[in-house]
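Residue numbers (this note's numbering), protein chains in the order written: chain D, 1089 to 1188; chain F, 551 to 725.
Keep in mind that a hint or two might mislead.
With a straight-line cut-off of 30 Å between C-alpha atoms, the simulated BS3-like cross-links for lysine-lysine are [claimed, not checked]:
1) Lys1187/D with Lys625/F
2) Lys1187/D with Lys1176/D
3) Lys1176/D with Lys625/F
The set of hints was computed from the structure by calculation and includes no laboratory data.
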Amino acid sequence: MIPVQGLLYMSSALCSLGVYGMLTRRNAIGMLLSIELILNAAALNFVVFGRAYHQVQAQAFALFIIALAACEAVVGLAIIIGLTRSAKTVYADEATQLKG
Amino acid sequence: MVVWVGFAGLALLAALWVVTLRNLFRAALSLGLVLMAIAGLFILLEAEFLAFVQILVYVGAILTLVVFAIMLTAKLQIAPSVPASIQAVPAAAVSLGLFITLVSVTRSVAWPPTSMGEAVPLATLGQQLVTTLVLPFEVISLVFVASLVGAISLAAGRQGRPSTRATDVSTPAAS
Chain D
1089 MIPVQGLLYM
1099 SSALCSLGVY
1109 GMLTRRNAIG
1119 MLLSIELILN
1129 AAALNFVVFG
1139 RAYHQVQAQA
1149 FALFIIALAA
1159 CEAVVGLAII
1169 IGLTRSAKTV
1179 YADEATQLKG
Chain F
551 MVVWVGFAGL
561 ALLAALWVVT
571 LRNLFRAALS
581 LGLVLMAIAG
591 LFILLEAEFL
601 AFVQILVYVG
611 AILTLVVFAI
621 MLTAKLQIAP
631 SVPASIQAVP
641 AAAVSLGLFI
651 TLVSVTRSVA
661 WPPTSMGEAV
671 PLATLGQQLV
681 TTLVLPFEVI
691 SLVFVASLVG
701 AISLAAGRQG
711 RPSTRATDVS
721 TPAAS
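Bound-form chain D, shown alone (with noise of 0.2 Å):
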C-alpha cells in the first residue's frame, strides 16, 4: 500500500521549504539549493503517481526533471561565478549594477 497523501503532504512541505528558503536567502548559491528542494518535491510527485496508477512515462518525467536540475545548476553557477568576478559577490541584492 502506498501511502498517496501521506506523500502529498511531505512533496508540499518540501515545496514550501524550497519557497521559504528562496525568499530568505541572501547568497544566491543558497538560493539555487532552494531550487533544487522545489524541483525535487516535483519530482517525487510524479514517481508517486506513476507508481499507484501504473503510468509508465512518469518516471521518464521525473528523469526530465533532474536533467533540467542538471543544467540549471550548471549555468546558475556559471552566472554566479560572473557575478563574482564582475560584481564582487555573491549576495543577490548587492549585484545593483543595473539598479538606476
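Once you have looked at the hints, place chain F on chain D.
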C-alpha cells in the same frame, strides 16, 4: 510504514537545515542528505533506476559542482555585519500559506484506490523514451547542449579584454 516515515522525516529535517543553516557548506551537505532520503523513497516506490540516477546525477555531479562554487566564492562570503537571511517572518508566512493551500486542496480530493500491481520495468521505460517520448528526449538533449555552451561562455569571460568591465561600471558612477 516505519521506513516511509523515517525517510520522509529525514528528508524534511534535512530540508529544514538546507534553508536555515547559516553556514552554506553545511547547507549543501544537508541538501545531499535530502537527496539521499528522496532516493530512498524512490527505492520504496520501486523506481530503482531513478534512485540510482538521483544519487549519480544529483549527489555525484550537481552537489559536487555546488560545493566547488561555494569554495571558489568562499572569500566573498564573509560578511559579518549583514544577516545571512532577510525577511524571515514574511517569507515564513508566505511559505506557510502555500503549504496550507496545497494541503487543503489535495486533502479534499478523493484519490481512487491504488492497486499494488507490477512495478514499471526498466525496459518499458527505455522503450517509452525512444518511442512515445522521443520529442521531449531530443528537446532535453538540445537544452543540454545549449546550457553547456552557455555555461562555458559565461564562466570563461572575455579573455582578450581583461578587467574592462569593472572600469566600465565604475566610471559612470564616479562622474
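Here's how the hints hold up against the structure:
1. Lys1187/D with Lys625/F: Holds: Lys1187/D and Lys625/F sit about 25 Å apart, inside 30 Å.
2. Lys1187/D with Lys1176/D: Holds: Lys1187/D and Lys1176/D sit about 16 Å apart, inside 30 Å.
3. Lys1176/D with Lys625/F: Measuring from Cα to Cα gives roughly 10 Å; hence the hint holds.
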